[in-house]
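Numbering-wise, the sequence shown is residues -17 to 406 according to the numbering used here.
Hint data in this document are derived by calculation from the structure and do not stem from the laboratory.
Just so you know, even glycine gets a beta-carbon here, dropped at the ideal spot from N, CA and C.
Some clues are possibly wrong.
Said to hold, decoys possible - Just the calculated beta-carbon pair ranges, DEER-fashion:
(1) I353 / L68: 32 to 40 Å
(2) I191 / P50: 42 to 50 Å
(3) I320 / N381: 16 to 24 Å
To be verified - 30 Å max Cα-Cα, derived DSSO-like pairs, lysine-lysine:
(4) K247 / K309
(5) K382 / K271
(6) K172 / K306
(7) K293 / K254
(8) K179 / K297
(9) K390 / K370
(10) K339 / K404
(11) K382 / K297
(12) K370 / K339
(13) K119 / K247
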Amino acid sequence: MFGPSNQHRKQSKNTCNPLYGDIHYYTYSGDLWSESNYVLGRFISEFGIQSIPSPLAWARSISNISDPKQWDVFGSLMDHRQHHQLGHQILRLALEYITEPANRQDPIRNYSRWAYVSQLNQLMCLRTQINLYMRHKCRLKLTNFTIISTNKFITMGTIYWQLNDIWSTPSWSTIDSVGQWKLSHYNAIKEYYDLTKWGRIAIHHNNEIIEADWIPNTNNKNNNLFPIEFELICYTIWSFIPTYREMLNISIKHFIQCPINILNKSLNDLNKLCHFNHRNGRIIQIIIKNNLNSIISDRNLLLLDKPIQIKIWPKNAGKTLQIKSIKLLNIMNNLLNIQKMAPFLTNHIYEIIIESKSPELFINLDIDPRIDVEFWFSINGFHLINEKEKIINLFISGNKTISIDVLKHYLWIESLATLNMKEL
């Protein structure tokens, strides 16, 4: 749908001309993880997809947290709050891409696992659209055969729907009604605004073609900041050791405003190059390098197989994903510097080390809502593919402290590999 903000023309014979006006675009069919499923335009003023709220938000909105029926994601209460005509089918859309979580005995943990699946699907749908719009900000596709390309911005901006909720319900928000960030906000939305000074990489898989672009940070005050080189690294879920790595022959001599294509290969060619040898769980990552260091980020990574396509996982996958250590940081640890990106100020910050003996994808941390605390993680929805452990900071809101032993018991960990596991 094209909105009425066309200031260039009062009337047009072609009201769907993408050169003018703005676009509201929602779709719930086709491959929602593929850029080909979405449209380009001058200004995309609404786009998004639903997910269900965090366990904490849901717990605070129901009358009895001990009632299993109120935690049923396909139950009457969830159905009553669902305002989309597709109803439960909105939630089941995620199962086209992600494995359905095996049932646990605890209904609250079951809800949490469905929230993970729902929010991961929202993350990937939003990331796909954001990457599309950022990659094409100097290109505009008019028809299947006509593309305008220029060194000036054509797609001038995007606004996703929506930021936050005021009540707990299945919704398009990326922050729920109690202020908890969904996976999409930790990742896709943060990628929206939190560009490194060296820019970012947007990778996508469409019609058997793998394409990646370097997106410059146009807000840089120092226009001399641009990457020296890029490195392609190939992995699988079967080992922390790369199957292949190669420096990409891309030269950027001066700062520019428009994205630069740094990779365009067929999936077949990439399979051969990366020595994947018909394995599933194929992963590529592109690293930005400058004179000082390498920028290694989960944002620069693409899983070539949809999770639902991975039928066999390594024997340790999910089973060895655990908390290695937790400690409470004190004022001597420079708390203000640590929490500069947090959505609230607190003196209760924990350092958590998550470890695994097997590569893990889209690791999600959550806290059992029965202890009723608001919290935020420095990162979430992260991967362990090139390292066996990662340090995460946990921020607890308010004056409530949690003992290390309690936190170890009530901190939940999920990944793609744990979804098949009935009980740990």
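A quick look at each hint next to the structure:
no. : hint                    : verdict
1   : I353 / L68: 32 to 40 Å  : holds (34 Å)
2   : I191 / P50: 42 to 50 Å  : holds (46 Å)
3   : I320 / N381: 16 to 24 Å : holds (19 Å)
4   : K247 / K309             : violated (45 Å)
5   : K382 / K271             : violated (42 Å)
6   : K172 / K306             : holds (27 Å)
7   : K293 / K254             : holds (22 Å)
8   : K179 / K297             : violated (40 Å)
9   : K390 / K370             : holds (19 Å)
10  : K339 / K404             : holds (20 Å)
11  : K382 / K297             : violated (39 Å)
12  : K370 / K339             : holds (6 Å)
13  : K119 / K247             : holds (21 Å)
Consistency with the previously given hints fails for numbers 4, 5, 8 and 11, ordered from lowest to highest.
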